[in-house]
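Residue numbers (the numbering used here), protein chains in the order written: chain A, 1 to 291; chain B, 1001 to 1273; chain C, 2001 to 2446.
Derived by calculation from the structure, the hints in this document are not laboratory data.
By construction, the Cβ of each residue, glycine as well, lies at the ideal position given by its N, Cα and C atoms.
Wrong hints could be hidden among the right ones.
[As the list claims (entries may be wrong)] Covered, in the sense of this in silico footprint (three residues per stretch, anywhere, with C-beta under 8 Å from a C-beta of chain C), are these stretches of chain B:
| id | segment |
| --- | --- |
| 1 | 1125–1132 |
| 2 | 1184–1194 |
| 3 | 1214–1223 |
[Stated by the list, open to error] Quick list of in silico lysine-lysine cross-link-like pairs, PhoX-like style, CA-CA up to 25 Å:
| id | chain 1 | residue 1 | chain 2 | residue 2 |
| --- | --- | --- | --- | --- |
| 4 | A | K287 | B | K1098 |
| 5 | B | K1037 | C | K2179 |
| 6 | B | K1037 | A | K8 |
| 7 | C | K2342 | C | K2139 |
| 8 | C | K2157 | C | K2179 |
| 9 | C | K2082 | C | K2310 |
| 10 | A | K40 | C | K2443 |
| 11 | C | K2310 | B | K1037 |
| 12 | B | K1103 | A | K288 |
| 13 | A | K3 | B | K1098 |
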Amino acid sequence: MEKALRDKKAICFFVLPALLWFAFIALVPILQSAYYSLLKWDGMTASVFFGSRNYLEMITDKLFLKSVLNSLIIAGASVFIQLPLAMLLALILHSGVKGEGAYRTIYFIPVIISSTIIAQLFMKVYHPSYGMLNNVLDAIGLGQFRNEWLANADVAMGALLLPIIWQYIGYHMLLYYSAAKSISPEIFDAARVDGATGRQIAFNITIPQILPMIKASVIFAVVGSLKAFDLVYVLTRGGPLHATEVPTTLMYNEIFVKNRYGYASAIAIFIIVECLVLTLVVEKIFKKLQD
Amino acid sequence: MRKTLTKLSSNFLLLMVAAVQLFPLYWMLTFSLKDNKEIFGGNTLGLPQVWQWDNYTSVLSQSRIGFYLLNSLIITALTIMFTVFLSAMATYAIVRLKWMMSKIVYFIFLIGLMLSMHAVLLPLFVNLKPLHNTYWSLVLPYTAFAMPMAILVMVGSLEGLPKEMEEAAFIDGAGIYMIFFRIILPLLRPIMATVAILTFLNSWNEMMLAVTFVSNDNYKTITVGVLDMVGKYSTKWGLIGAGLVVATIPTLLVYIFLSNNVQKSFTAGAVKG
Amino acid sequence: MKINCKSIVSLLAAATLLLSLCACGTSSGTNTNANGAAPAQQAANENIELSIWHIWPDSTNETNKIITGFAEQYQKENPHVKINLDATQQDEYQQRKLKVAAATGSQGDIFYTWAPGYSRQFIDAGAVLPLDDYFAEDKTYDRMLDGVMDYFMFDGKAYGIPCKNWAGVMFCNTELFEKYNVEYPETWDQLLTAVKTFRSEGLTPMAMGGKDAWHIGMYHNAIALRTAGVQYCNDALQGLASLDTPEIVESARLMKELSDAGAFMDGTLGVTYDEAQMEFFMGLVPMYYSGNWTSGDVDSDDNDVKGLIKVMPMPTVSGGKGDATTHLGGVAEGFMVNSNTKHPDEAVKLAIALTEYMSQKCYIIGDGLPAWKMDVDESEVSPTLIEIKKIINDASGFVLAWDTFLEGAAIDAHYNLLQALIGGTVTPEEFAQQMEEANKAQKSQE
Chain A
1 MEKALRDKKA ICFFVLPALL WFAFIALVPI LQSAYYSLLK WDGMTASVFF GSRNYLEMIT
61 DKLFLKSVLN SLIIAGASVF IQLPLAMLLA LILHSGVKGE GAYRTIYFIP VIISSTIIAQ
121 LFMKVYHPSY GMLNNVLDAI GLGQFRNEWL ANADVAMGAL LLPIIWQYIG YHMLLYYSAA
181 KSISPEIFDA ARVDGATGRQ IAFNITIPQI LPMIKASVIF AVVGSLKAFD LVYVLTRGGP
241 LHATEVPTTL MYNEIFVKNR YGYASAIAIF IIVECLVLTL VVEKIFKKLQ D
Chain B
1001 MRKTLTKLSS NFLLLMVAAV QLFPLYWMLT FSLKDNKEIF GGNTLGLPQV WQWDNYTSVL
1061 SQSRIGFYLL NSLIITALTI MFTVFLSAMA TYAIVRLKWM MSKIVYFIFL IGLMLSMHAV
1121 LLPLFVNLKP LHNTYWSLVL PYTAFAMPMA ILVMVGSLEG LPKEMEEAAF IDGAGIYMIF
1181 FRIILPLLRP IMATVAILTF LNSWNEMMLA VTFVSNDNYK TITVGVLDMV GKYSTKWGLI
1241 GAGLVVATIP TLLVYIFLSN NVQKSFTAGA VKG
Chain C
2001 MKINCKSIVS LLAAATLLLS LCACGTSSGT NTNANGAAPA QQAANENIEL SIWHIWPDST
2061 NETNKIITGF AEQYQKENPH VKINLDATQQ DEYQQRKLKV AAATGSQGDI FYTWAPGYSR
2121 QFIDAGAVLP LDDYFAEDKT YDRMLDGVMD YFMFDGKAYG IPCKNWAGVM FCNTELFEKY
2181 NVEYPETWDQ LLTAVKTFRS EGLTPMAMGG KDAWHIGMYH NAIALRTAGV QYCNDALQGL
2241 ASLDTPEIVE SARLMKELSD AGAFMDGTLG VTYDEAQMEF FMGLVPMYYS GNWTSGDVDS
2301 DDNDVKGLIK VMPMPTVSGG KGDATTHLGG VAEGFMVNSN TKHPDEAVKL AIALTEYMSQ
2361 KCYIIGDGLP AWKMDVDESE VSPTLIEIKK IINDASGFVL AWDTFLEGAA IDAHYNLLQA
2421 LIGGTVTPEE FAQQMEEANK AQKSQE
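For reference, chain A alone in the conformation it holds in the complex (with noise of 0.2 Å):
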């Protein structure tokens, strides 16, 4: 087996196509990118080699800092707040509920819909005048708490935050199901034998079964949540007055306004860098947590 396992014909059979097709498409632009980052560019006429002034310019801006800032917010509300709740589904779901396969389907269904649909249904929710969350308020006599939600910079990215959360709980929840269901059943059937609680069951024995699949939501979580650019773009444009910049809305408007490139890509490989290591990051906690 080990020596079978070690047959360089069937390694490269394996994983080349899949490699080359991914380093064509995907890898040389991204090292192009990487190249452009050192660059002061607009994208078409001559460009100078800039150096590190890219870098340089980016660490001390505040604005880009303060992006960061909020895309970390956006990913710890992710790992903390979504998986949760689309762990508790999956779980609920996973134990045998009546109509399990339809409450699988429709708890996918925001995932379905495009990000811009679903950012327009919350700015018909936000909206300063006839918002449904206003009105709502209103409804419960809580009047006073009325917003101008996407226009108030203090609250803006919480509003921002919940949509972004709620969008792709269906998302993991498909992700940890999936898993679950993949566990032999005699595993649980064992269990129940023995008289253990659903409770019990899903911690001792489903979650560290598909702990696996939950470190990859994890990242996707994280990976997902750093580069975050549909919802906010629509929603708030990285307003109002900056309050919910994200990098990419940044890096967004450096390229398509502004015209440079070279600064763009360097928060494009800065964004790279970042998810990565976090991705290590998470890694080394999976690894200790599986052991």
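With chain A's structure known, arrange chains B and C on it following the hints.
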């Protein structure tokens, strides 16, 4: 007694969540049947006061829309096919086969996940220029950028699966290829269906590359077709809503189809297991 | 095995690096051949293909019908020419597609674009064909209105064909003005009075969606025109004069005054332009400063304000240097020809014919004011547009919206400062000072 109570309350919770999750679908459907006045302030969230079925007649009478749907289907189907199979193979090599670089290759793939597409629009445009105005100009990047997600999810799934079956098969004289096709692929089926769903969503809804790499009406996707209805200064939003519904229905159907498949493969796996 | 895998990976790395460097080399040079095929010398009547890129993809859109109809007709008259139309939604086209394509010279043979700020980059990159020789031969200037080429001249050469003129005016809902017995504002004080009266009646006085910063710019830029005058604004935006002057400070102060008086909807910084203008179309808001393109909407059966519209210039400011005959607007939209086109003569001929035809037809459908001399039966034109044309007939000058004039980082700074002004995080003095800094920095880059 306590058990029924928890059961009741968990059922109630599930129902409430279901209502919330269905809300955007409801909103999109009603939105597509309203006029601008209702959408902007008159009646943003309720049922339409006047049902504007015309919105659908206008959208569907645009002869190209069926054509755009077909383009999207072809592109998405090719993307899913390549993504799922190539990623499954790579996953097997990364998780089960023994080689020095496996961890590094895995991380190389993960980098794809961390990339902001806006940043690579220009280099991608240049590199893929010979393929512009073909399906491949979209299938190649969609697949390349779907593989990291697929590999991450599949690695997460395969790592959690026991090796006994493979070891048993090996003792019975099966080779590595046989083990992959006969044991690993069936084992990965539930997660492959999940990956297919996620890949489908990403490539179906993708807009930036689809707009930029295609300058020929014959290769436009449905997402771009709907975008075309958005005017800069005046727009009939109900019409766009109808377009969005038309574009979203296939996603829903494919999702339900694939997720039934997920369900089936669960049971199939259970019998075998 | 160890060696094997390592070598594969390092090979890969080397290959990708090489590929990326090749790609860099071509992408920064721009003048690569457009369509990949080998360029061939064309005999006079050999069959050729020309592509036109424009921004009206919706086949029910009137402008789309104009272009499609024109292309059909042109192909009938010139059977050796095949026209490929490619239409893209405006935001996608303007922000991304055209920029990315022009970086490699692979935009359409004829492409719709915006002058002067937006297209500057394309000219600098050598992606646009100069047209002076063609214009001289064709006597094109004789058929254009005076001054329409101003923004299409770059470094003394003609680079584009202007298609339509635009002008900003205040759209007033006469029903609301009469109901609340408010005077139509011709001066700033009257405007403030109108705003305060409508506010006290519980109405949002003016439609503005501050989440789209350009929409704030429409108001502010028009006010700046009143305080600083046409000539000065034009000079300053071109970097020939300073934007940090008492007049520009005053324009920002007035804008802030308007905002503080409650002219715009609460939470305007969280509202898009289309959300805001819809309230005007629904007859809920009495005033809306916008371009002539809005006339099609206000005359449409879909909206509640049809027949209730009075248009007037932005009110004048006492002591200001711009009077009521000057307007925000100008000729900034039109077609350019790709310098990589395989058939420059045919492409320019087609572009001129198309633009002249569109200029006339777009006026009739209410999409733009004419840039060419034309003889049009005005009974077909949207009534509000005719009113706007009357106002600008004796116009003494125009200034483009600043964001079409400025370039790159200066546009971004302008947007940020407009929103910060409304949000109260910069003072009018800082607004003017930082605008000047941004414009100077951008101009010095070139």
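For each hint, the structure was consulted:
{"no.": "1", "hint": "1125–1132", "in the structure": "holds (count 6)"}
{"no.": "2", "hint": "1184–1194", "in the structure": "violated (count 0)"}
{"no.": "3", "hint": "1214–1223", "in the structure": "holds (count 3)"}
{"no.": "4", "hint": "A:K287 to B:K1098", "in the structure": "19 Å, holds"}
{"no.": "5", "hint": "B:K1037 to C:K2179", "in the structure": "22 Å, holds"}
{"no.": "6", "hint": "B:K1037 to A:K8", "in the structure": "66 Å, violated"}
{"no.": "7", "hint": "C:K2342 to C:K2139", "in the structure": "24 Å, holds"}
{"no.": "8", "hint": "C:K2157 to C:K2179", "in the structure": "54 Å, violated"}
{"no.": "9", "hint": "C:K2082 to C:K2310", "in the structure": "45 Å, violated"}
{"no.": "10", "hint": "A:K40 to C:K2443", "in the structure": "16 Å, holds"}
{"no.": "11", "hint": "C:K2310 to B:K1037", "in the structure": "22 Å, holds"}
{"no.": "12", "hint": "B:K1103 to A:K288", "in the structure": "17 Å, holds"}
{"no.": "13", "hint": "A:K3 to B:K1098", "in the structure": "9 Å, holds"}
Hint compliance for this structure: hints 2, 6, 8 and 9 are not met, and every other hint is.
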